[in-house]
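Undergrad: Next come the chains, spelled out residue by residue.
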Amino acid sequence: MANMQTQSKNIYESTVKHGEKLLDVQGLKMYFPVTAGTFIQKKVADVRAVDDLQFQVTKGETLGLVGESGCGKSTTGRAVLQLYRPTAGSVNFGGTELTTLKAGELRRFRRRMQMIFQDPFSSLNPRMSVEQIVGEPLAIHGLYKGAERRERVQYILQAVGLNPAFARRYPHEFSGGQRQRIGIGRALAAEPEFLVCDEPVSALDVSIQAQVINLLEDLQEQFGLTYLFIAHDLAVVRHISDRVTVMYLGKMMELADSNELYQNPLHPYTKALLSAVPITDPELERSRERIILTGDVPSPLRPPPGCVFNTRCPIAVDECRERIPEWREVVPTHFVACHRV
Amino acid sequence: MAKLLEVKNLKTYFFTDEGVVRSVNGVTWDLDEGETLALVGESGCGKSVTAMSILRLIPNPPGRIVDGQIMFEGTDLLKVSDAEMRSIRGNRIAMVFQEPMTSLNPVLTIGQQIRETIQLHLGLDDEASTARAVELLELVGIPEAAGRVNDYPHQFSGGMRQRVMIAMALSCNPKLLIADEPTTALDVTIQAQVLEIMARLATEFGTAVLIITHNLGVVARYADRVNVMYAGEIVETGTAIDIFKRPRHPYTIGLMASVPRLDATEKVRLTTIEGQPPLLIREIPGCPFAPRCDWFVDKCSTDHPELEEKEPGHAARCWRNPLVDAKTRELASIGIAG
Chain A
1 MANMQTQSKN IYESTVKHGE KLLDVQGLKM YFPVTAGTFI QKKVADVRAV DDLQFQVTKG
61 ETLGLVGESG CGKSTTGRAV LQLYRPTAGS VNFGGTELTT LKAGELRRFR RRMQMIFQDP
121 FSSLNPRMSV EQIVGEPLAI HGLYKGAERR ERVQYILQAV GLNPAFARRY PHEFSGGQRQ
181 RIGIGRALAA EPEFLVCDEP VSALDVSIQA QVINLLEDLQ EQFGLTYLFI AHDLAVVRHI
241 SDRVTVMYLG KMMELADSNE LYQNPLHPYT KALLSAVPIT DPELERSRER IILTGDVPSP
301 LRPPPGCVFN TRCPIAVDEC RERIPEWREV VPTHFVACHR V
Chain B
1001 MAKLLEVKNL KTYFFTDEGV VRSVNGVTWD LDEGETLALV GESGCGKSVT AMSILRLIPN
1061 PPGRIVDGQI MFEGTDLLKV SDAEMRSIRG NRIAMVFQEP MTSLNPVLTI GQQIRETIQL
1121 HLGLDDEAST ARAVELLELV GIPEAAGRVN DYPHQFSGGM RQRVMIAMAL SCNPKLLIAD
1181 EPTTALDVTI QAQVLEIMAR LATEFGTAVL IITHNLGVVA RYADRVNVMY AGEIVETGTA
1241 IDIFKRPRHP YTIGLMASVP RLDATEKVRL TTIEGQPPLL IREIPGCPFA PRCDWFVDKC
1301 STDHPELEEK EPGHAARCWR NPLVDAKTRE LASIGIAG
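For the protein sequence lines, the chains are A and B, in the order given. If you're matching positions, the first sequence starts at 1 in our numbering and goes up one per residue. If you're matching positions, the second sequence starts at 1001 in our numbering and goes up one per residue.
Incorrect hints may appear among the rest.
Here are some of the chain B residues that sit facing chain A, going by a computed Cβ distance under 10 angstroms [said to hold, decoys possible]:
hint : residue
1    : Ser1043
2    : Gly1158
3    : Gly1159
4    : Gln1191
5    : Ala1192
6    : Arg1221
7    : Tyr1222
8    : Gly1254
9    : Met1256
10   : Arg1261
11   : Thr1265
12   : Leu1270
13   : Thr1272
14   : Gln1276
15   : Ile1281
16   : Ile1284
Honestly, the hints are just simulated from the structure, not real lab data. Note that the Cβ used here is the ideal one computed from N, Cα and C, for glycine as well.
Just chain A, same shape as in the assembly (with noise of 0.2 angstroms):
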């Protein structure tokens, strides 16, 4: 009983060094029931939205998760921070077990993993100074008391460049940069170690991007933070990312480092991605051959038999539309889900 009881106060605090594993998911499943009936809701179908997950992510490192809308992307944010309980697998964070842990035992664990949600508008309590929020995480875990918590409230404000002279002004006195930066210090407030970025600069005009980019990279310095960067934009995934994984109807396709993945894609579904993003570089861009894909992305209800990327991919063969393709690794660290490669 003694031991269990250290052992539940360890999992609290990291012990994970800089460079080794601190996130490993295996298996991960998130389908979501489609349910029908005016009194009586049956489940008629499951929405797979994300399909048989497998990475892993060191400590101080930035993977980068790429597609396109409903791909499942953000569901893998949630469903590795157990914002969804997810349908199956395992997603082990530094030695702990998440999926089985109770409710209390997971909220105290949020200390060590956050999120920074897209839109800087919504994701803000419009009643609460920026002091509040801010200062709200550290009040649910009980850390810094007082003056103390002012000050690391302020502490805070400083290291995301956000005057701490403005910590009792409200949201909406706040630009969208300036709004994203409050997001992520409320972030970072209980000292995380893990965070989901989801989509954390889609919502941002380009110059305004750039600041909140650099200032992601500064504070990964600065804390030895490790990011799972979720983002549709492959430029600044590749930008910020050190290895890359592009996901389609909420399967992984490819997984590798970065440069590698972008010179070297192997899947034909991140070839056709990157043909598709004009570079900005007038001459280059117009000389380029792209590879423009034919139709829409099914349906996640009725995911096509076989490679989910099949109905669109221009070198589908017969196997493709009857075996589901493995997940392998073609050469060391780059892996990839395809018959053809």
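With the hints as your guide, set chain B onto chain A.
TA: Structure of chain B alone, referenced to chain A:
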């Protein structure tokens, strides 16, 4: 080639309770027939208001075009009657909006919505206009178009809806197509589909395109010429090559450097433009970009620069000459020049 559209000293202001917002503050530019011109800039810089002014769709009150001329095929659009304007809108000048979900009527079929424009402007009967609608849907790559004309907007995906909007916009062979962030709401692979179709059809139909976007990659791929807007003004104008290869305004230079490149081979820290765009509610005496500018000198906060030609066809609104100045500044920092 003849000028299709000439915007001269256009000023569109919004009269709000807090004061006058000078959304578009004296812009002058033109567009040749068949040309693709991009208006770029960040939110609130006046690019959409410029487009809405051309179509005279500025909500009044609070907005009003207070000065300027918009010459389209030789007529000043600001002087024609509302009835004449209606016969131009959707006919000679068509528009594709950002949001394909809200710009189609949910209770009318796709066919009815395309036919409406054709019948109004070209006077075709039901049968002929239906045939034309099907033909247009085929042009924009909607599969089984003959059956899909009877479907409602909700039965189409976002990308298909935007293609329907393009079909509708091109239904009367317009001379000018205004596309306001046409693919911002779409995913990249769908964005590529839609833009390719739009560019191909514009070339086939000989339609000039005014594309409004904040996506510099889209500009690099499709635009012949570019107008960069900041705080209601054009701060730089030139060919796409001019703007991307030799930007001459500090804002354009900053904008280019703050976008991470997909084809970057090594990781460099992004250059940022510190601060935020100014509020347009106050009259700005000097250059609106002055507080954020690396090339700032005293003159910038007091005197308003004019758009000045730096090389043929390439103009910037700046007292300094950033290209040359970059060198002088370097020299100054190591103590050679003063």
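Undergrad: Against each hint, give a clear statement of whether it holds in the structure.
TA: Now for the hints, and whether the structure bears them out:
{"no.": "1", "hint": "Ser1043", "verdict": "holds (6 angstroms)"}
{"no.": "2", "hint": "Gly1158", "verdict": "holds (8 angstroms)"}
{"no.": "3", "hint": "Gly1159", "verdict": "holds (6 angstroms)"}
{"no.": "4", "hint": "Gln1191", "verdict": "holds (7 angstroms)"}
{"no.": "5", "hint": "Ala1192", "verdict": "holds (4 angstroms)"}
{"no.": "6", "hint": "Arg1221", "verdict": "holds (4 angstroms)"}
{"no.": "7", "hint": "Tyr1222", "verdict": "holds (8 angstroms)"}
{"no.": "8", "hint": "Gly1254", "verdict": "holds (6 angstroms)"}
{"no.": "9", "hint": "Met1256", "verdict": "holds (7 angstroms)"}
{"no.": "10", "hint": "Arg1261", "verdict": "holds (6 angstroms)"}
{"no.": "11", "hint": "Thr1265", "verdict": "holds (7 angstroms)"}
{"no.": "12", "hint": "Leu1270", "verdict": "holds (4 angstroms)"}
{"no.": "13", "hint": "Thr1272", "verdict": "holds (4 angstroms)"}
{"no.": "14", "hint": "Gln1276", "verdict": "holds (5 angstroms)"}
{"no.": "15", "hint": "Ile1281", "verdict": "violated (15 angstroms)"}
{"no.": "16", "hint": "Ile1284", "verdict": "violated (18 angstroms)"}
When the structure is compared with the earlier hints, violations turn up for hints 15 and 16 and for no others.
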